[in-house]
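S.K.: Each chain, written out:
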Amino acid sequence: MKKKFDLSSLMRSKLTWAVVAEALILLVCLLVRPDFFKISYQPSTGMLYGNLIDIVNRSSEITIIAMGMTMVIALGGTDLSVGALVAVAGAIALKFMRWDVTVYNTPGDYSVYPFFLAILVPLVVCILMGLFNGLLIAKGDMQPIIATLILMVCGRGIAQIVTNGKQFTTGYSPFRVIGQGSFLFLPMPIIITIIVILCVSLFVRKTAFGTFVEAVGINRSAARLSGINAQMVIFIVFAITGFLSGISGLIYSSRIMSNDSNNAGLNYEMDAILAVVIGGTSMTGGKFSLAGTVLGSIIIRTIVTLVYYFGIASEATMAFKAIIIAVVIVLQSEPVREHFAKRTRSRSQFARGGALK
Amino acid sequence: MPETNLLEMRQIEIQFPGVKALDKVDFSLRAGEIHSLLGENGAGKSTLIKCLTGVHHKDAGTIILDGKEVQPQSPQNAIELGISTVYQEVNLCPNLTVAENIFVGRQPMKHHQIDWKTINSRARDLMARFRLDIDVTRPLSYYSTAIQQMVSIARAVDIKAKVLILDEPTSSLDDNEVKLLFEVMNDLKAEGMGIIFITHFLDQVYAVSDRLTILRNGRLVGTFGINDISKVELVTQMVGKDMDTIFNLKRANVSPDAPYMLTATKIGAPGQLDEITINLKKGELIGFAGLLGSGRTETAEMLFGAKHITTGEISIEGKPVNIAKPYDALMQGMAFCPEDRKLDGIIGDLSIRENIALAIQARRGFLHPLSAKEQNDLADKYIKALGIATPDAEKKIGELSGGNQQKVILARWMATEPKVLILDEPTRGIDIGAKAEIQRLMLEMCEDGVSVIFISSELDEIIRCSNRVIVMRDKEKVAELDGNTCTQSQILSIIAEGAASAGGIAQ
Amino acid sequence: MSGKNELSSRQSLFSRLTNPKYVMVYATIGIFLVIYLFGVIAYGNQGFTTLRTFMNMFIDNAYYGISAVGMTMVLITGGIDLSVGAVASLTGMFIAYGTSVLGVHPLVCILFSLVVGIGLGLLMGWVIHYLNVPPFITTLTGMFLARGVCSLISRESIEIKHPMMDALAGWKIYFMTLKDGEWVRIRPSAFINFNVILFVVMIVIGTIILQKTRFGRNIYAVGGNEQSAKLMGLPVGRTKVLVYGFNGLCSVLAGVAYALYVKSGWNLSLQGAELDVITCAVIGGTLLTGGVGYMVGTLFGVLLKSIIPALITFNGNLLSWWGKIATGLLLLLFICIQKVVIGSTSKKSKKK
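Residue numbers (my numbering), protein chains in the order written: chain R, 1 to 357; chain Y, 358 to 864; chain D, 865 to 1216.
Hints were generated in silico from the structure; no laboratory data involved. Even for Gly, the Cβ is constructed at its ideal location relative to N, Cα and C. Don't take every hint at face value.
[To be verified] Listing some non-contacts, in silico: residues in chain R with all C-beta distances to chain D over 12 angstroms: (1) L27; (2) F36; (3) G50; (4) Y110; (5) T169; (6) V177; (7) L186; (8) F235; (9) F320; (10) V328.
[What the hints assert, rightly or not] 30 angstroms max Cα-Cα, derived DSS-like pairs, lysine-lysine: (11) Y/K467 with D/K885; (12) Y/K519 with Y/K467; (13) R/K206 with Y/K467.
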């Protein structure tokens, strides 16, 4: 059997439609405002600027979380707690940098506790919270959506307890680097995102972990009876997702140099799930595509950036976002893809028949 | 014939992507007749039925019901036309009560409200007809699969259809329940209903049907009166080969001084299995006979660590081992093909290659992946060795037929080169050809020194292959017989009456 | 035969009540009573026992309750609807903008909201069933859309000023007591308002739909096993689409109730309300896997969720975020009970 270029199976792939959608959105930009694509270099900060850079930069929080979310969804679940974990990570980091307002009442370039604690502790706490989710799901045999709903409800409360309900700010420059620094002309969040994507992809595809995740997601009982430790797979996936939410939380709070228990990571779970689904991974679990997820996350951000760029009121972006996402999702829906696949198949058959005559 | 046909299907054709599922098939059903539909898996039985129930749509041909041409569009439409179906898998809602499952969608109404009283009392009457005295207001999930199957038959019967289709309704029923079902079927027949009966059990075909129709590879082989065709002829027609060449099998040769491979001493768990002891020699095949729920499956699951044991111990090659989960069993060189292939065996959306490599990969741990080449070699080797019918190794296992799926699962375990292989109903729901092949493979593995535990509901299979037969009853081991000398009737009487009265226990 | 049936139906009152399918409802009611009792013991002397405290739980959460009626049905089908908060908020915007800026009669605004809300619900149901898009994603998009339209209308809070709305919001029935031959308000005064009546009426309507109509039973069947429901010949598509439509109706009514409660419309109001509503349904015994749930359970779920802030207020020392944590713990407790109960009842009795 030789693999050949097959248009009808291409039409059936969700990823194809995600690529088409992104290309169309960018094409609209190109036609309406060619300067949308301008990238300039700012020597003073050593960074590249432009809408495209901005899209990738601003999508990094979601992309990072969505890497973990892809595996969660491949397991057939959803993790609703990631947004709350973002808030928790920020709260703990800021707590460690600014312990008490009475001692240091002006934000400045200092950290109360060693910097590595301010980074390490939030990440460890987020991993532990991820493991808590994993515990409920793997050992307690609960539905992921409801198990993670618990931390989603609690999480922001925990973040508020950590900071006693206060909003801290800091001016500590090493912390600023995470969200606002640059490396190789690119904003630091992009670099972090690339590293995360590389690590997750290598971990998933260069070991058999990806296959295990898919096997457990498709048929947990059969996977277990084949000798796969399904519980461990679930634990690892949720721990990774927790960890990535922590990283995302550090980036978020470094951008605003503050913690915000109410708004940090708000609706991130929604955006991350959306990114995964637009990227072509089915919510019923099974086969997943990390590349698709990255693309999905970028599509979502492109829409938002585009709407901002055209000067539409910020809160109203949601309406446009909804319309474009609706179009993408309808295009990706099974009946529509089948319809297109059938049409191309019958057309190519027709063409072949015509050529024979 | 003078009798008019209640249902007539003429020249039915259905085209699936790549295959012609049905090719000019004729089928007819008289009122007051039980008509068996036979054929191997993939012969087109299910497709023909689904065409009748509106799940698939025919590409050509006509369906005439009661003298009028009909075209069932959906299951709902088929029911309205008077075609009622019981599927092999229970197709009811586990969360609804027994009574509701019978009446949902056509509940009797009183003052524009659902009349629960009538529903419950009518359901009680219906269940009484099946000699079942159960609380019909409990959720269906509260009851066993057999009762659920009875409920789904009750639903189909109560619809008062003209045509009743029973698609392998007996696979989860025990003998008494089957007898009961046949009584009900005969009653309905007397009332003038036409019944289409699909089953893999040939004895049942002869026990209950008036005529039978055989399909092979999507084509009609013929329709026969029940007395016009012998069993052997029937099987020959179904598979296209004759039976002796199919089952030309030889029992495994076990030397008396062969070492014990697996010994399980008094393993059990309260309510699930009474302490049972098994001594399995190297290269030996032990058959487990017994009814559903007799503890056969529990034994297998406990040996493999899928269920916890509270008492007893297991040793392999004389060394005691601790098996708490399937992974531990895998590491000890055990392998297990579970009873429910679809639920516990296949990973439907993964390819044949991935499914075959799964157990080896699980043993190695995910940090030591098999390379793409190793996986391909493995897949190619077993596709060839087991004769798995597929264009290539990348096809999803879910798209294969039942027999081929079972072979892939066997391949998954053969690839791990196990010492002990446990097979729970490996031949259930697959056609005779594939059945014979799986039995042959099993015996070949015994020759290679693998010890096999073989669980099956079909006694002739057990007797044909086993060195020793363990008979289970009410979660207990009631007898251990010599496979060379035991007979079907002997086993049956033990199952029916218990070990004490049957006597004749070997060893 | 019939005599036996009568006997068994009389006999069965006890067995009907002990039917395992009701266990979760009992658990909800039980936990509510335990927490209420705790409140009575701890804060009884501070007025926790009064009827006023109890009625306030209804008054302050009526809009959640109204929405939870529709959400319960959606969850029973095995779906989820994330758009309810946004649609309710949109209703508030329509009423506020319509009455205060455009000068339209509020009834017209409500009617318009109903058309929009039910229409969006039906559309989402259609996409979910016929295009096979997961409910989570479909309704999330619906939420973005409704929220976006809110912001397009106005980005500031608009006060609702209309005699009819004022009259509705101010309408109260006080609980009275006979004292010295005269009817007087009980002290501290307790009352029922329009929202509470709407909430109770919706619960009753929801119960009737679920228990007494074929449509209601089809909802359960679809949630129990959609494939089976289809093969049993039930109208699966129509049921699902109508359920989302009905939930749209509930969202709009919840929006009306909320508008009456706060007397304003704001584009960011009720953010995250969808999860509160889902939480109410879940602690009321509705399974997110579908197929199981009762309106009575949801009623007590709403009360259970609202008793926590009440207790925190009475305590006085606890900060508000403990409410979130307590709710989360309640959810955890409840899911654990569900696990235990379901594990012990299903397939308990094997065949005889």
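S.K.: Compute the least Cβ-Cβ separation between R/G50 and chain D, then decide whether it is above 12 angstroms.
M.R.: holds (26 angstroms)
S.K.: With 12 angstroms as the threshold, tell me whether R/L27 passes as away from chain D on beta-carbon distances.
M.R.: Fine: 22 angstroms to the nearest Cβ keeps R/L27 off the interface.
S.K.: Please settle this one: R/F36 was flagged as non-interface, so is its CB more than 12 angstroms from every CB on chain D?
M.R.: holds (22 angstroms)
S.K.: In terms of Cβ atoms, is chain D entirely out of 12 angstroms range of R/F320?
M.R.: At roughly 7 angstroms from the nearest Cβ of chain D, R/F320 sits no farther out than 12 angstroms, so the non-interface label is violated.
S.K.: Checking a non-interface call: every C-beta of chain D should be farther than 12 angstroms from the C-beta of R/F235. Is that right?
M.R.: The claim holds: R/F235 sits with its nearest Cβ about 18 angstroms from chain D, beyond 12 angstroms.
S.K.: Does the claim that R/T169 lies off the interface hold, with its Cβ farther than 12 angstroms from every Cβ of chain D?
M.R.: holds (20 angstroms)
S.K.: Has the given pair, Y/K467 with D/K885, been kept, meaning a C-alpha gap of at most 30 angstroms?
M.R.: holds (24 angstroms)
S.K.: Taking the shortest Cβ-to-Cβ distance between R/V328 and chain D, state whether it exceeds 12 angstroms.
M.R.: violated (10 angstroms)
S.K.: Regarding the assertion that R/Y110 does not contact chain D, is the least Cβ-Cβ distance greater than 12 angstroms?
M.R.: With a cut-off of 12 angstroms, R/Y110 remains clear of chain D, as the shortest Cβ separation is near 28 angstroms.
S.K.: Are all beta-carbon distances from R/L186 to chain D longer than 12 angstroms?
M.R.: For R/L186, whose nearest Cβ neighbour in chain D is about 30 angstroms away, the distance exceeds 12 angstroms, so it holds.
S.K.: Given the hinted pair Y/K519 and Y/K467, is their alpha-carbon gap at most 30 angstroms?
M.R.: It holds: about 27 angstroms lies between the C-alpha atoms, which stays within 30 angstroms.
S.K.: Would you assess whether R/V177, listed as outside the interface, keeps its beta-carbon beyond 12 angstroms of every beta-carbon in chain D?
M.R.: holds (31 angstroms)
The structure fails hints 9, 10, 13 (numbered hints given earlier, in ascending order).
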